[in-house]
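Going down the list, the protein sequences come from chains A and B. Residue numbering for the first sequence is 1 to 439, as defined by my numbering. Residue numbering for the second sequence is 440 to 920, as defined by my numbering.
Just to be clear, a hint being listed does not mean it is correct.
Stated by the list, open to error - If you want the footprint, here are the derived chain A segments under chain B, 3+ residues with CB under 8 Å: (1) 274–283; (2) 326–334.
What the hints assert, rightly or not - Example chain B residues on the side facing chain A (calculated, C-beta under 10 Å, incomplete): (3) R485; (4) A521; (5) A546; (6) S547; (7) Y548; (8) V551; (9) W651; (10) D699; (11) G918.
What the hints assert, rightly or not - Taking beta-carbon pairs under 8 Å as the criterion, some of the chain B residues facing chain A (in silico): (12) P442; (13) Q855; (14) V856.
Since the hints were derived computationally from the structure, they do not count as laboratory data. Glycine is no exception: its CB is placed at the ideal position from the N, C-alpha and C atoms.
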Amino acid sequence: MKARFFELFELADAARQGKEILLANYTGEDSEFVRFNHGKVRQPGSVAQHALSLELIDGQRHASVDLSVSEHPELGAELRAAVQSLRQVLAFLPEDPHLLYSEEPCSSSVEGDRAFPAGDELMLEMVRAATGLDLVGLLAGGEVSRGFANSLGQRNWFSRHTFNFDFSVYTRGDRAVKSGYAGQRWDASVFEGIVQAARRDLILLEQPAKTIAPGDYDVYLAPPALQEIVDLLGWGGFSLKSHRTRQTPFLRMLTEGARLSSKLTLVEDTENGAGPGFQASGFIKPPQVTLIEGGELKGALASPRSAKEYGVVPNGASDQESPAALHVHSGSLPVADVMQHLDRGLFINNLHYLNYSDRPSGRITGMTRFATLWVEGGHATSAVNVMRFDESLFRVLGENLVDLTREQAFRLASDTYGGRSTASVRLPGALIRGFRLTL
Amino acid sequence: MWPSIERAFREALPADAGLSFCSLRVVESERDSVQIRQGVLEPMNRGLDRGGMVTVRHQGGYGYAATSDLSLSGLRSAIRNASRWAQQTRATSVFDWNLFKQEAVTASYRSVVGQPWLETSLQDRISLVQRAHAELVGASEIVDSRAGVSWQRDKMLQLSHDGGRIEQEFEFIAPDLSVVAHANGVTQTRSLGMVDRMRQGGLELLEDIRFWERAAALKEEVLELLKAPNCPSETMDVVLMPDQMILQIHESIGHPLELDRILGDERNYAGTSFVTPEMFGSYQYGSPLLNVTFDPSVPTEVASYVTDDDGTLAQKEYVIQKGILQRPLGGAISQARADMLGTANARASSWNRPPIDRMANLNLEVGDQSLPQLISAMERGILLKANCSWSIDDSRNKFQFGCEWGQLIENGKLTQVVRNPNYRGISATFWRNLVGVGDASTREVLGTPFCGKGEPNQAIRVGHASPACRFRGVDVFGGDA
């Protein structure tokens with residue numbers, strides 16, 4: 001599709017006039033989705049979707065149109081008509097003081113090959129592996145592509161073939177082992193090991209679950225649980241606009257000099273992420289953007305639009321100014337020593353449905369989910385029924401953060417709203433004192 | 440466009456008619472919007488998305504293939520692709536698809552539109568939004584402001600191999616207002632929630648919801664919140680206004696009653712349900728004042744339609760009547776899997792996702808009390824409006840919600856405004872404490888485009904019409920002071 005995208009851009013660009021500038025973004029995927037329930041197949045299918053976005057700029061006026069792309073003889077004429085239509089719209093628009101796009105061409109190309117079996121083969125392998133298990137989840141696999149081109153000569157391409165089997169295995173009621181296998185190269189023995197581990201972990205969950213009272217508990221948040229918290233923070237936490245409009249949950253750090261634990265460093269690490277290194281206005285993402293360092297707020301994600309509005313340099317962020325390759329630096333606690341250090345409390349594998357209960361104050365709420373284990377004397381003794389927490393970021397990631405694990409997990413996003421995500425996160429687990437459970 | 444696609448589909452069907460069932464669902468979606476933030480017109484972006492999904496059921500298997508190539512060759516390829524999946528799942532499906540039979544349906548539907556978006560000039564659309572934005576600003580404490588109107592038109596054609604033909608055209612308007620104020624370390628927001636005024640129709644809906652008056656009111660309210668004390672923490676009665684009831688209904692009635700959750704499909708993502716099949720017909724979900732309907736026939740409500748996306752004719756059904764659970768929210772396929780009656784609510788977010796059980800329009804039927812009557816009966820309580828925070832467990836039981844606006848009720852009268860009000864409870868008991876239901880004068884028809892669910896994920900439009908309601912003995916608390 002790479003060559004075809006650049007051809008389509010040229011067809012559209014031919015309709016450009018005078019000093020107009022044309023930007024084009026391509027988003028596409030050829031995906032296989034297999035949904036499982038009770039260890040069998042619920043809904044299998046394929047989705048081929050390809051969309052082109054054209055933005056026409058004339059001075060400080062601009063407008064864009066998104067089109068789904070389907071090959072047909074009139075496609076070139078359709079794209080030229082789209083550009084002409086945008087030109088007509090520009091005539092009615094005021095100048096945009098916040099318009100900013102890359103004017104220094106910097107081209108790039110990243111392409112990958114498929115290194116895993118076809119979706120229907122994987123599906124049958126998964127059904128075999130799930131024999132006797134109440135397995136539920138989704139296999140999403142195939143090629144995901146992104147492209148950028150502009151009339152200044154810049155050309156960027158990114159395509160990657162990935163698979164992401166996100167699943168859980170259930171035992172009694174709502175208790176389950178959440179697991180998954182994602183990557184670019186399929187290894188049947190690795191997959192088999194992951195399923196076997198889930199079978200082993202189920203044994204403890206089959207015992208009657210413990211119900212605990214609201215209160216403060218020492219907890220270990222495994223990487224998937226900590227990811228739920230940093231994902232929530234990605235919703236307005238690191239955005240330059242949210243900082244300047246005083247809506248960020250880190251407001252106290254901006255206005256009162258509050259700080260998080262010195263053990264905490266968060267970096268937008270595009271260089272070691274799984275997504276494209278360019279964004280929709282043509283800016284190249286820097287390899288790293290430090291957001292929090294040693295517990296202090298160091299930076300924000302600045303989209304071109306926010307950068308122009310607030311007079312700073314953009315740093316490759318999307319319009320949403322959310323992280324796409326967040327890296328939470330590791331700590332000094334070996335994973336092997338987690339249970340011993342926790343001694344008595346909760347081993348929380350997963351959290352669920354987080355939200356802000358007071359965003360500007362940095363207060364968050366959410367639920368435990370899947371396998372939360374009661375730990376006594378450094379040993380997991382039983383599952384714990386789901387509990388709600390309502391906590392301050394400044395306690396959880398501040399004064400009550402004991403340590404982060406030395407080992408990290410690299411997790412490919414399993415989000416598929418509209419299309420398959422290219423985001424990723426790299427993070428450790430976290431040992432926390434006095435985690436506040438409320439219901 | 441439809442005739443050529445219909446010809447191509449009929450021609451693309453295998454000549455030997457070997458498939459038990461084959462359908463095509465095409466969606467052509469156009470969208471546009473005008474958004475103004477901090478006095479600046481945001482970038483103008485239009486969209487035209489078109490594609491189709493072929494579904495094949497054959498010899499006990501099932502498969503789908505979605506493509507934006509709606510030519511004869513594109514549809515032939517999609518049918519082959521979906522057939523291959525069906526072939527591969529004959530012995531591995533969670534449900535024996537041979538057991539599912541469906542009548543071919545012919546039907547049509549079109550939203551009623553008074554003032555069409557496309558017949559209003561761009562300058563006039565911008566002017567409508569500028570007027571609203573102007574009402575939001577003008578105070579030094581205001582640090583962010585946004586006004587906008589989004590428009591979308593979805594044309595849908597569903598064809599089946601056995602002659603079924605359903606044509607529907609939906610047109611939506613989604614007004615959006617938000618104003619943020621900051622002073623002395625306090626930030627407060629007033630808004631139209633999560634774009635919760637989305638409805639079917641045209642720009643006449645802006646008058647109907649008093650778009651410009653609301654903008655002015657939001658500005659006054661956000662400034663009042665800046666000076667307000669934090670919400671107290673205590674157990675008290677609450678009156679939830681419709682723009683909070685939308686979330687309460689959605690999260691703690693709608694999702695737990697979705698039959699695919701009860702069947703376990705969503706356990707890896709959205710979650711399961713505390714509701715089990717044997718509860719239907721006898722379980723006391725709420726007080727006798729609680730009447731909840733699945734109603735695809737409400738004019739202008741966002742999920743009104745003639746059939747769902749599996750081609751089942753839709754009609755109003757009580758899911759809870761006088762507090763007793765009646766039937767789940769489950770489309771024809773889920774009904775066949777569970778051997779239960781349900782509702783026509785198998786819906787897909789677009790052409791690239793398969794239908795699953797969704798809420799559609801889920802409404803709380805009106806009672807007989809005016810808002811003054813609801814309030815005057817309370818010795819101490821709080822009125823809450825405009826949802827801003829939502830969280831609930833994966834079985835849809837333990838919830839915690841937050842609102843932008845709270846106002847204490849003391850001795851039957853509205854008194855002190857408070858900021859950061861939150862409340863929490865448990866679905867299984869909360870609705871049994873419903874002690875007052877507002878009359879038609881308190882009812883609003885609301886809707887949002889942001890209901891997320893499914894693997895692969897789907898964000899879909901859902902409608903909730905509700906009066907104001909009063910609940911007894913709720914655990915209410917504030918934010919960090």
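Could you tell me which of the numbered hints above are not met by this structure, giving the numbers in increasing order? 1, 2, 5, 6, 7, 8, 9, 12, 13, 14
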